[in-house]
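Asker: My request is simple: use the sequences and hints to build the entire structure.
Respectively, the protein sequence lines represent chains F and D.
Residue numbers for the first sequence follow my numbering, beginning at 1 and rising by one.
Residue numbers for the second sequence follow my numbering, beginning at 1 and rising by one.
Hints listed in this document are in silico derivations from the structure and should not be mistaken for laboratory results.
Each hint should be verified, as a subset may be incorrect.
No distinction is drawn between identical chains; accordingly, a pair holds when it is met within one copy or between any pair of copies.
[As the list claims (entries may be wrong)] Below, a list of computed lysine-lysine pairs in the DSSO-like style, where the Cα atoms sit at most 27 Å apart:
no.	residue 1	residue 2
1	Lys116	Lys192
2	Lys163	Lys116
3	Lys127	Lys116
4	Lys116	Lys135
5	Lys96	Lys152
6	Lys265	Lys233
Protein chains: 2
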Amino acid sequence: MQTPQQLAELYEQFYQQNSFNYDPNGLYEPVRHIMNIQGKRIRPMLLLMACDMFDGNLNEALHPAFAMEVFHNFTLVHDDVMDNADIRRGVPTVHKKYGLNEAILAGDVMLSYGYKYLLNISEKHLKNSLNLFTKTAIEIFEGQQLDLDFEKRLDVTVDEYLKMIEFKTSVLLAASLQTGALIAGAGAEDQKKLYEFGLNLGLSFQIKDDWLDTFGEGEKVGKKIGGDIIQNKKTFLLITALNDANEEQRKELSALFQEKDETKKVAGVMQLFAALNISQKTESRIDELYEKSLNSLRSVNLPDEKKKPLLALAEKIHNRDY
Amino acid sequence: MQTPQQLAELYEQFYQQNSFNYDPNGLYEPVRHIMNIQGKRIRPMLLLMACDMFDGNLNEALHPAFAMEVFHNFTLVHDDVMDNADIRRGVPTVHKKYGLNEAILAGDVMLSYGYKYLLNISEKHLKNSLNLFTKTAIEIFEGQQLDLDFEKRLDVTVDEYLKMIEFKTSVLLAASLQTGALIAGAGAEDQKKLYEFGLNLGLSFQIKDDWLDTFGEGEKVGKKIGGDIIQNKKTFLLITALNDANEEQRKELSALFQEKDETKKVAGVMQLFAALNISQKTESRIDELYEKSLNSLRSVNLPDEKKKPLLALAEKIHNRDY
Numbered sequence: 001m002q003t004p005q006q007l008a009e010l011y012e013q014f015y016q017q018n019s020f021n022y023d024p025n026g027l028y029e030p031v032r033h034i035m036n037i038q039g040k041r042i043r044p045m046l047l048l049m050a051c052d053m054f055d056g057n058l059n060e061a062l063h064p065a066f067a068m069e070v071f072h073n074f075t076l077v078h079d080d081v082m083d084n085a086d087i088r089r090g091v092p093t094v095h096k097k098y099g100l101n102e103a104i105l106a107g108d109v110m111l112s113y114g115y116k117y118l119l120n121i122s123e124k125h126l127k128n129s130l131n132l133f134t135k136t137a138i139e140i141f142e143g144q145q146l147d148l149d150f151e152k153r154l155d156v157t158v159d160e161y162l163k164m165i166e167f168k169t170s171v172l173l174a175a176s177l178q179t180g181a182l183i184a185g186a187g188a189e190d191q192k193k194l195y196e197f198g199l200n201l202g203l204s205f206q207i208k209d210d211w212l213d214t215f216g217e218g219e220k221v222g223k224k225i226g227g228d229i230i231q232n233k234k235t236f237l238l239i240t241a242l243n244d245a246n247e248e249q250r251k252e253l254s255a256l257f258q259e260k261d262e263t264k265k266v267a268g269v270m271q272l273f274a275a276l277n278i279s280q281k282t283e284s285r286i287d288e289l290y291e292k293s294l295n296s297l298r299s300v301n302l303p304d305e306k307k308k309p310l311l312a313l314a315e316k317i318h319n320r321d322y
Numbered sequence: 001m002q003t004p005q006q007l008a009e010l011y012e013q014f015y016q017q018n019s020f021n022y023d024p025n026g027l028y029e030p031v032r033h034i035m036n037i038q039g040k041r042i043r044p045m046l047l048l049m050a051c052d053m054f055d056g057n058l059n060e061a062l063h064p065a066f067a068m069e070v071f072h073n074f075t076l077v078h079d080d081v082m083d084n085a086d087i088r089r090g091v092p093t094v095h096k097k098y099g100l101n102e103a104i105l106a107g108d109v110m111l112s113y114g115y116k117y118l119l120n121i122s123e124k125h126l127k128n129s130l131n132l133f134t135k136t137a138i139e140i141f142e143g144q145q146l147d148l149d150f151e152k153r154l155d156v157t158v159d160e161y162l163k164m165i166e167f168k169t170s171v172l173l174a175a176s177l178q179t180g181a182l183i184a185g186a187g188a189e190d191q192k193k194l195y196e197f198g199l200n201l202g203l204s205f206q207i208k209d210d211w212l213d214t215f216g217e218g219e220k221v222g223k224k225i226g227g228d229i230i231q232n233k234k235t236f237l238l239i240t241a242l243n244d245a246n247e248e249q250r251k252e253l254s255a256l257f258q259e260k261d262e263t264k265k266v267a268g269v270m271q272l273f274a275a276l277n278i279s280q281k282t283e284s285r286i287d288e289l290y291e292k293s294l295n296s297l298r299s300v301n302l303p304d305e306k307k308k309p310l311l312a313l314a315e316k317i318h319n320r321d322y
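Answerer: Below you can see the structure in the form of structure tokens.
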């Protein structure tokens, strides 16, 4: 087995060799722009670790690992257009820098390159991998639509919210893990357990993201605390608050949605969150989902030793304070 | 072998049974909107005919045939955004009716559904079909980028223009034909010939489109004659004119690009087209490409009888005056 550091180096090499230096430049420069924004590379790492865990061929796994990152970056390009976001990780978003048409087209071609890289999987596992990838892509678009729909609603339930983040975020983590196991020849049962591990880890990850935006320490999170509150974003926190509030508190929340003074708004919402115990409720949901994800990983039919790298990564994701 | 009418009915049935009645409605209503705009269904028909020609399984072929149409419609949705087009075949475009975000997301999910339908191809032919489809998709996006690039240039050569329409239009017709032959088990040589047939038929088709916009009969074409001229669109006609013009004529053309009086503009450009023999030059290029396409079809290693439906369709496309 390889150490996470070795896997990261292997991936880095592949990444450097696949840098989208193609013509026409007007199409591929925006692709290089988003691909060069260094993310955490969680998806490719999950795929490689899952593959290595079952002693799979890592040189084969690099292609789908890269496919997952290309696909994920494509969704960021189109999501940034839909969210009208100007900045991502400190640099201009693709549509801000290159224009709307370029962002649409760069995203489209990246989705196709995702498939192109996936098509390097050995023929034996091709159909299953592509079915999983295509199902996942469709779910992600459905999740994005739910997210857009929720913006206009005040009655979103916690279950609806969980479904949305499952589709929008978790399924790609889950599919990355399953694909790694699949191409390594793991059995269907173990593939499913790794998928479940990723699904619940992803949910816990996303809810922690929500929690950090309001209760994290600003300088560590790297963005202004309370941004979600200012934007009236339908996070796990706000949805739980809206569901648990009594009539008076709900009226207060609705009034705060219109509040123009940001400091007053954040303070007001946080006061209500405190009264409703939102921080603790959220933390216990995060822990519960995290525990659930670990149980899936633990039940994979392999010696504990093999599960250590994924366990360590899950812990790192869970314990982050940024 | 089936008659074209029988193939069309078979396809119609499949189309009716695959109507994107899924949730969330906000995502799939725009998909149904564009899928319900009845096009000529050239791509699925080409695929089915090519498959039937080699005695392939038509029930299998329906899936990739539908995939080609879903993919084509996806490109229309995103292209309409990029071209800022309000109307398609007399109804509002997706972004006009549902908004920009919905058009982007509907397109994305349609691209994935293209793959989903393709994945029903038997495993034996899956990898080759998907490689062809993915290569084709990437070329189409590159073609769209070239088209956007050409808008800003006055020095586009005829060869560059042909490359652009090859990528933007022809490769999908060619890939539809090849996919039909491929899944029917045709040899590589015959597949290639059908691809070439589609490629040149597509080029001839697109240049005829250009010709009809300026020299066609308005009521038959169904749009105002001279629309391309008014928009300074880089058509085969204009590019040939710019290439063949002397210095004085080129100056005249450049001046006409700025002309605000549409009647004066169309008349002025058409006078220059007449002086430069553009109509005849274009027609001979259309004929030349059409003949080239027929030669590829004729050289397919099958009895003439088998080629009749595709030959008849090519003729119909070539002789159309709308």
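Asker: One pair to classify: Lys116 and Lys135, alpha carbons no more than 27 Å apart. Within, between, both, or neither?
Answerer: both (17 Å within a copy, 8 Å between copies)
Asker: How would you label the pair Lys163, Lys116 (within, between, both, or neither) given a Cα cut-off of 27 Å?
Answerer: between (29 Å within a copy, 22 Å between copies)
Asker: Treating 27 Å as the Cα threshold, decide for Lys127 and Lys116: within, between, both or neither.
Answerer: both (14 Å within a copy, 11 Å between copies)
Asker: Tell me, please, which holds for Lys96 and Lys152 at an alpha-carbon limit of 27 Å: within, between, both or neither?
Answerer: both (25 Å within a copy, 20 Å between copies)
Asker: 27 Å Cα cut-off: does Lys265 pair with Lys233 within a copy, between copies, both or neither?
Answerer: So Lys265 and Lys233 pass the 27 Å test inside one copy only (13 Å; across, 52 Å).
Asker: Reference check for the pair Lys116 and Lys192, CA-CA at most 27 Å: within, between, both, or neither?
Answerer: Both. Shortest intra-copy (25 Å) and inter-copy (21 Å) distances satisfy the 27 Å Cα cut-off.
In terms of the numbered hints stated before, the structure departs from none.
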